[in-house]
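Using the supplied hints, reconstruct the complex from the two chains, each of which is provided in its own coordinate frame.
Chains as they are written, first to last, in numbering that gives the first Met the number 0: chain A, 0 to 228; chain B, 0 to 303.
It cannot be assumed that every hint is accurate.
[Claimed, not checked] If we take Cβ atoms under 10 Å as the criterion, some of the chain B residues that face chain A in the derived model are:
id: 1; residue: Arg-3
id: 2; residue: Glu-210
id: 3; residue: Gly-212
id: 4; residue: Ile-213
id: 5; residue: Arg-215
id: 6; residue: Leu-216
id: 7; residue: Gly-218
id: 8; residue: Ala-219
[As the list claims (entries may be wrong)] Using C-beta positions, here's what the derived DEER-type ranges look like:
id: 9; chain 1: B; residue 1: Val-21; chain 2: A; residue 2: Glu-137; range: 33 to 39 Å
id: 10; chain 1: B; residue 1: Ala-290; chain 2: A; residue 2: Ala-56; range: 52 to 58 Å
id: 11; chain 1: A; residue 1: Thr-116; chain 2: B; residue 2: Gly-10; range: 24 to 30 Å
id: 12; chain 1: B; residue 1: Arg-209; chain 2: A; residue 2: Leu-69; range: 24 to 30 Å
No wet-lab data here; the hints were simulated from the structure.
Please read all numbers here as calculations on a predicted model, not as lab measurements.
We put the CB at the ideal spot given by N, CA and C, even for glycine.
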Amino acid sequence: MIRFENVTKVYARGARPALDRISLDVERGEFVFLVGASGSGKSTFLRLVLREERASAGKVFVAGKELGTLSSWKVPALRRQIGAVFQDFRLLPNKSVFENVAFALQVIGKPRHQILTTVPDVLEMVGLAGKEKRRPHELSGGEQQRVAIARAFVNRPPILLCDEPTGNLDPTTSLGIMRLLDRINRTGTTVLMATHDDEIVDQMRKRVVELSTGEMVRDQSRGVYGSDR
Amino acid sequence: MRLRFILSEIGIGLRRNLSMTVSVILVTFVSLTFVGAAALLQLQIGKMKDDWYDKVEVSVYLCPSNSPEPTCAGGEVTDEQRQAILDALAQPEVAPYIQEKFEESKEEAFERFQEQFGDQSWASVATVDDMNSSLRIKLTDPSKYQLVAEVVSGKQGVESVQDQRRLFDRLFLVLDRATLLAGGLALVMLIAAVLLITTTIRLSALSRRRETGIMRLVGASTLFIQLPFMLEGAIAATVGSLLAVGGLWLGVEYLITDWLGASVSWIPYVSTSDVLTVAPWLILAAILLAAISSLVTLSRYTKV
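If we strip away everything but chain B, and leave its shape as in the complex, we get (with noise of 0.2 Å):
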């Protein structure tokens, strides 16, 4: 009886308020699809971290002929400064953190250049003594860069030291300011959801006066008048959330997994199975949005 009761309540208050419960439910919608947004942002920046940092090398570019830097005053690297370098990285306190490690000499630099640039114009003009040679360092840990660059720049015949993980910090730089833009409005539109599921509640509330004076009269609890006010926003937010979750998955797919998985294949991308990660923590969010609304107004508008 109890429960059919709440129920029917339940949906006499979302039909009676359609409107109210439509735009809770669009609201929260836009909001958790921003906040899903942000939050597969982060993981796509871990998933390139992860796939890119492992693939990436500490480049220790060695003196060529021309180069204006102090270290090369001597003009091109000679081969006891080499030596001398590769014995600073074969110190025990950087060589564990060496994976492997081998040198490219500067006519091998220029096919690489070639094989790259060659179909340019300006290319064209580049000759073997424009190339530098290098040492090409792969870490155990590309977190420990710091501790390689230490030891090798500065020293005769370096002529600058490359992490190139530096390379990517500008695109994540890009990923995480879009990561703070999401949020930010994912921040502005909870507010306003909060403000909406409220107002709603109240509405629910007062046109239902009649209804709750008699309850609180004839001795109902207080959870039993305010259980179906709670649930109705709770469900209105929940179906925002569900929406939510199908928009993000609905994106992925089409967006990333079919569009730009197929265009620009060599990033790892986030999948639908990281939707499904995120979607319970935007349920969540939901519920408990709904909840800090309920207690909120209901506090203030069926006491007993």
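Same shape as in the complex, but just chain A (with noise of 0.2 Å):
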């Protein structure tokens, strides 16, 4: 689902590559930690697959599309196939809960009717059912990043991307935002998550890659968040 052949990053001439050689391959319906420090170059990771960023050097393969030769004008339908959700959770403060999400899909122009139905859907499947009217400031921020998730995933994407999104939340919280990625995960959605959160990533038992200064450092199934432990 997610290939990158020997991929390096360097953001401005001479600088240290803020990815440096990396090869891997996340295959579809896969969970992946990304952890490592601030600045090891997740962040970078996570761009290079939605393509707000292009490859320095190596190749990036996204839903069998090579991103280096994909021209501007398809990139909206690359991004349509990937949800993204963030730490900072990203909704629109004057928009309700029902309309943040409808928003995602309005603007890629789906019809009314289809909107009316998913929209619903996607919030009881996220926990969130009947309180399709609040604004973002009247929910914690656990259900906040539940309105984000919910609208990276109500187009159903085959790909969820997750910066840090228990970043901002206590630990019970995360767990709840933890289940339901697992949840969407077990639909079949390839989940790639960078985190810091080191309870998550011990519990999960998931797949691990961790990056240290933009180096592939450690890449373990079944993996915890210190290589050390």
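Shown next as structure tokens:
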């Protein structure tokens, strides 16, 4: 589903590469943790998958497409295959829960009747049934992140990228979010999650890829957060 | 869904930047009013040329008794000289351009002079002998003046040849300068309009960065993201151009048709139908203006 072949990303000429010859293969339906200290290249990795950046060298394949040669007018189609969730939720404050999720479908031109059926479904799935009319500021952090996940998943993308989704949440709330992501993963969605949260990684026992200053230092199935544990 | 969504986005954008939207409307209004005024001035010049050039004649003034011109050295024009001039005008190379010609004697000239200026004190000292007798020639094509003038000027007995069109040239020159002035002001205002529209679109795009960011993320097409911003600029500019058309229409209706037309009626004036001829071009210019500004801005601020 996602394949990196010797991918290097250098932001400024002469600077240390943000990613250094990374090769990695993520199969359909896998759940992968991307761990590492700040600045280790996790976010760059996710940005390359979303084609917000292009690789300086090497090849990135996502959903069967080589992103280096993908023309920019095809990028929207690629992004419809990818859901993305962030630490800061990125909700629209002036829109209700329902409208925030519906927004993702409206802007890719989905018909109204489809929006009216899929949005309540996905809101129920993330556990927000009954809170459709709330504004984001009326929700707790965990609930806001559920809205963000609902928005990322409402179009049923085969890939879900999460950039520190529990970074702003307390441990109990984080656990709830992880259960949700696990459920989404079980529907066959490939989940790639960048995180600092060692507790969660240790608990979930999924594949762990560790980056350190742009290099891949570990790729372990059913791994834990720290390699020394 | 799409259309409704885009329309609501436009509404939000226009309301959120209301003061900028109003300033875009005003600047396009003023600039396109100048553009329209310049166009109407040119139309006015065209109308006057059409109307007046039909009426004007070439006057061949024949020598009076006391002219200092060398061609008049022999004193007042003789019948022989007069005949030679008429013969020259009958030559096949000029004859086809002459619609009609008639002679005005100095007595007739004096009569006409008294009619026009009789009430002026200086006119009372003029005598019949001060007047020129003349040949008045009406041309089939007024632009062939030079040809006719060459045939007769310099001949014995001709004091001067005058093209009445020359009399209007000064007026047309003034109107042409006015056109240039209006055009120049229009250009400056148009530049201001482009810059202002650019800024407005940029502000609008920045204030909705969050939305456009999410749109990009969930895979909305570039056109879909940019369209509301483009239309915002286009709508504001079009409203400005409509105001300009309205302003010109009112100006022509009340200033020219009602006021000038009533007090100085011998000039053919532009009318409101001419404003309507200019109108589509002004609206087109407004849309073009907005399109250029959008292209410049959006490629930088809402990149995929």
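Each hint, compared with the structure:
A least Cβ separation of about 9 Å between Arg-3(B) and chain A falls short of the 10 Å threshold, and the interface hint therefore holds. Of the supplied interface hints, the one on Glu-210(B) holds, with its beta-carbon coming within about 6 Å of a beta-carbon of chain A, less than 10 Å. A least Cβ separation of about 7 Å between Gly-212(B) and chain A falls short of the 10 Å threshold, and the interface hint therefore holds. Here the hint on Ile-213(B) is kept, as its CB sits about 6 Å from the closest CB of chain A, short of 10 Å.
Residue-level restraint check for Arg-215(B) holds (minimum Cβ-Cβ distance to chain A is 7 Å; threshold 10 Å). Annotation: Leu-216(B) was flagged as interfacial toward chain A, and the flag holds, the nearest CB pair being 5 Å apart, inside 10 Å. Annotation: interface hint on Gly-218(B) holds; nearest CB of chain A at approximately 4 Å, less than 10 Å. Of the supplied interface hints, the one on Ala-219(B) holds, with its beta-carbon coming within about 4 Å of a beta-carbon of chain A, less than 10 Å.
The given range of 33 to 39 Å is respected by Val-21(B) and Glu-137(A), whose C-beta atoms sit roughly 34 Å from each other. Distance hint check: the CB atoms of Ala-290(B) and Ala-56(A) are about 39 Å apart, inconsistent with the given range 52 to 58 Å. Between Thr-116(A) and Gly-10(B) the CB atoms are about 27 Å apart, so this pair conforms to the stated range of 24 to 30 Å. Between Arg-209(B) and Leu-69(A) the Cβ separation comes to about 26 Å, which falls inside the hinted range of 24 to 30 Å.
The earlier numbered hint that this structure contradicts is number 10, and it is the only one.
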